[in-house]
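J.: Next come the chains, spelled out residue by residue.
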Amino acid sequence: MRNVTRRWAAALGTVLVVLVAAACGSSSSSSGGSSGGSSNQGSSTSTSTAPTAGPGLTSATAPSGARQSGGTVYYTEGAGATPNYIFPMTSAQVCGTQNISQFNAILYRPLFWYGNDYKPTIDYSYSIGQQPTFSDNNQTVTIKLNPWKWSNGETVTSRDVMFWINLYKADPGKNYCGYVPGYFPDNVTSVDAPNAQTVVLHLNKSYNPEWFTYNELSQIYPIPLAWDRTSLSQPAPTSDNGHLPDATKSGAENVYKFLDAQSKDLGTWASSPLWSVVDGPFKLQSFTTTGQVTLVPNTDYSGTPKPTISKFVELPFTSDAAIFNEIRSGGPSAITIGNLPSAYAPQTSTVEGEGYVLNRAASYSFNYFPFNLNNPKVGPIFMQLYFRQAFQHLIDQQGWIHAFLHDTAIPTYGPVPVSPESPLASVNASTNPYTFSTQSAATILSSHGWKVAPNGTTTCEHPGTAATECGAGIASGEGISFNIDYQSGVAAIESEMNDLAAQAKRVGININLTTHPFTTVIGTAIACQPSQADCAWTAENWGAGWIYAPDFLPTGESLFGNGAVANYESYADPQANQLIGATITGPAAGEAQALSNYAQYIEQQVPVVFGPTSIGSYQGDAGTLVAKNLGGYAANAFGYMLPEDWYFTK
Amino acid sequence: MTGFIIRRLGEAIVVVLGVTIITFVLLHLLPGSLARDILGNRASPQAIAAFNKENGLNTPVWNQYWLFLDKLLHGNLGYSFQYNRSVDSLLASELPRDLVLGGLSLIFSLAIAIPIGVAQAVRRNGALDYAGTGVSFVLYSMPQYAIALLLIQFLAISFHVFPAEAPQSASAIGMLEHPSGLVLPVAALTLVTYALFSRYMRSSAIDTLAQDYIRTARAKGLPERLVLTRHLLRNSLIAVVTLVGLSIPTILTGTLIIEQVFNYPGAGLEYFNAALRNDYEVMLGITVLVGVVTVLGNLLADIGYAILDPRIRY
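Residue numbers (my numbering), protein chains in the order written: chain A, 79 to 728; chain B, 55 to 368.
Hint data in this document are derived by calculation from the structure and do not stem from the laboratory.
Hints should not be assumed to be uniformly reliable.
List time: in silico PhoX-like cross-link candidates among lysine-lysine, alpha-carbon distance up to 25 angstroms [unchecked claim]:
hint, chain 1, residue 1, chain 2, residue 2
1, B, Lys-125, A, Lys-342
2, B, Lys-107, A, Lys-335
3, A, Lys-222, A, Lys-283
4, A, Lys-252, B, Lys-107
5, A, Lys-247, B, Lys-107
6, A, Lys-335, B, Lys-125
7, A, Lys-342, B, Lys-107
Listing some non-contacts, in silico: residues in chain B with all C-beta distances to chain A over 10 angstroms [to be verified]:
hint, residue
8, Leu-84
9, Ala-226
10, Leu-230
11, Tyr-267
12, Thr-283
Ideal Cβ placement from N, Cα and C applies to all residues, glycine included.
Bound conformation, chain A alone (with noise of 0.2 angstroms):
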């Protein structure tokens, strides 16, 4: 008895300390006032409200205290993500932020800067090039450099513009991930340079100077002629004798692959003598293989302003986790700016309150997963745009953006970004118009001839392709099931589903829902013929739909547009394809109104299925803590930064 008196002892405390230890783990990741479902339930209409996210930091932050010159930033690169990639013709395989605007874009100015401020708009006044001009019809674009100089003394010319555009036209895979096949540089017929600071495109049609300036030379970097040799034993060229490789397809061609193959050799990176010619603000000073970037001002910046902190550290972080305890515990080299994971997003008042501003600025993206048209058994019903509008009925953004995503989503219905707002795309994306009701999706689909059985399943009562029946290719008492794939692991995308699934069975449509890694999910949605294997996918849901980089107008031509690059839905619609070509090629001054038709079209048409976009510099972010101590962080519509701008306070 004694015996077993003391083994209930011991099991009632270990049990007390494992309700102590669940009771402190509480405490440090509490729920905060989510409420863990969708907060309607019903066939009720919610309204529409103003996006609940933002704004981003539209002024740059300064603080009271004096200036100081000096001090190291620290900041966290998203976890698992760590630059891989220098040569700033990133290609799709490395496109990424930690690449492009968290790195080479501070080593190496692109031709035109974007973004500042939290607008998504062109920025002059940190571009190399100046603000550009067209004529002959625009058909000839005439880009005009302002003198700055590389960090080896040479000057930024025209030529460096070429080279660019060289090694871009020689790449056989066409691999940088701006590439849209047809257009930049498929669509410059030839280059000149009339003198060292000019540089003149012509190009094969008339296209619109807005579009043109924010989708296709948006993709120009500048890089020096030191890169232009296909070894390192080759002397570094200080200027164009005539007899460069580039100037030759094949020779191009060369010393793309020997600046690629520099690029993929990290270990080299801070040694390099290619990668250390910079006319960026920074240079680097370190990289190690984990991922810790080490950048040290660039003296021979040409730029204003000049740098004013002494080092800007990138630190890697294996999770999400990592980041916010990493945050927390402050220490020597306490994180300056860090992303907050959205996860942590219900402790962001104590977060700030240990000394940040959170600055909650959206990526220039929106968010949305498509189906496939073309799937050759419920591709017939995804075709029949009362079936797509229905179906956006069923969708929760104002419920799930509060009960799954912690307040840190914007509503999404259309193409065009809400937030941050472009003049350039003054489009009304703030009204909803499929407003979440369930009630809707049952009235749509009973008037196009179906039995709607709702818990059960609902089924094509009249065929036919009038409009009151079911569409071509739906056979009488054919129902509606089918798939969604959605990304594995993310609480948020897993409840949304879920809810979308419950609401869809309200109205009799059955879902079934399976999940897989992100790769696997964005590489099985692609566009495809009925009579292929691959073809058998119904829904994708990566959880990360579209950010518009380096493409900075919210134009349609690589997602909408008929056999565009991510039309993985396979739409095809010509009025669509002329809205489209309308904000490519219509006149200067028509930009934003087509614009407009384009987005208020795809609104109407919904070829894809809208949900709510997470804001911050990473998907899934609730924003970018930055210390109350830093001054001139501003938020980039784009992700860039620009550390020449920050400085410390005391």
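The hints should help you fit chain B onto chain A, whose structure is shown.
T.: Using the frame of chain A, we list chain B on its own:
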């Protein structure tokens, strides 16, 4: 013994070969395509075709496996498209760090678990035994994640005693130069491992205490200290040696949670990330490595048995 080792090494080659075949086939049964995964959602069909051709992915699977084996025999574990690095260099930079983490925690956990396990066995059903059992159960039942977060919350965030993350040096020696950063990750892993070892040690020691030779040693008047160290400890260690042998692969790749929470990039996390990103060659490289290490771990355990118990012959 030499013959045994040679025979076991021969078996190891067959085992590792089998592991590579199974892993290779399973990886190629996964949905999606590597080119799509790597090049992303903006890749043109031309870029995908060029990628497949460049990497031999447009050839039959058996041919791809043969290419993999050929590279493996030349010491080339492949290339990580996600990291833009060779798998060899990836593992060369991460395995030493894993050895530091896993090795230190193994040493500390054994150093704590063995004496406590023996003490619990000797004082069976006493206060010390119950306390030790309670602590072991708590630690064993708690997820690694919870232990790690508790340590960070109290010792890094609340009281700022130790850093919340491991040293970020790229080399193992560099990490050892910042021991304060190693305290929490090593402690978290030690606590979990200790719980396992101490239970086995206690159980094994209890069994050994019931053996005739212990009774004989005591009857002959041998001091208790010598009974415990010479007779009990050595004979009780066989079970623990088995566990240590089996845990050697875990040292290299089984610290995923600790690596995640303490910002400690290592091979375990690498494997997990590679699986998420369909980075086949990283997965294959680590699988081959773990296969080799598992066989070697078992071999070392077998050798350990012979050293601990002279009656064991191979």
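J.: Starting from Lys-125(B), check that the Cα of Lys-342(A) is at most 25 angstroms away, please.
T.: Satisfied, since the Cα-Cα distance of roughly 20 angstroms is no more than 25 angstroms.
J.: Take a quick look at whether Lys-222(A) and Lys-283(A) sit within 25 angstroms of each other, Cα to Cα.
T.: holds, 21 angstroms
J.: With 10 angstroms as the threshold, tell me whether Thr-283(B) passes as away from chain A on beta-carbon distances.
T.: holds, 28 angstroms
J.: Taking 25 angstroms as the top limit, are the C-alpha atoms of Lys-335(A) and Lys-125(B) close enough?
T.: The given pair, whose Cα atoms are some 23 angstroms apart, holds under the 25 angstroms limit.
J.: Does the alpha-carbon distance linking Lys-107(B) and Lys-335(A) stay inside the 25 angstroms limit?
T.: Measuring from Cα to Cα gives roughly 16 angstroms; hence the hint holds.
J.: Taken at face value, is the distance from the CA of Lys-107(B) to the CA of Lys-252(A) at most 25 angstroms?
T.: holds, 14 angstroms
J.: Take a quick look at Leu-84(B) and tell me if its Cβ sits farther than 10 angstroms from every Cβ on chain A, holds or violated.
T.: violated, 7 angstroms
J.: Regarding the pair Lys-342(A) and Lys-107(B), is the alpha-carbon distance no greater than 25 angstroms?
T.: Given pair Lys-342(A), Lys-107(B) holds - Cα atoms ~19 angstroms apart, limit 25 angstroms.
J.: Run the C-beta distances from Ala-226(B) to all of chain A and say if the shortest one exceeds 10 angstroms.
T.: holds, 12 angstroms
J.: Is it the case that Leu-230(B) keeps its Cβ farther than 10 angstroms from each residue Cβ in chain A?
T.: For Leu-230(B), whose nearest Cβ neighbour in chain A is about 16 angstroms away, the distance exceeds 10 angstroms, so it holds.
J.: Given the hinted pair Lys-247(A) and Lys-107(B), is their Cα-Cα distance within 25 angstroms?
T.: With a Cα-Cα distance of about 20 angstroms, the restraint between Lys-247(A) and Lys-107(B) holds, given a limit of 25 angstroms.
J.: Far enough from chain A: is every CB of that chain over 10 angstroms from the CB of Tyr-267(B)?
T.: Correct as stated: the minimum Cβ-Cβ distance to chain A is 27 angstroms, above 10 angstroms.
Hint check: a violation occurs at hint 8 only; the rest are consistent with the structure.
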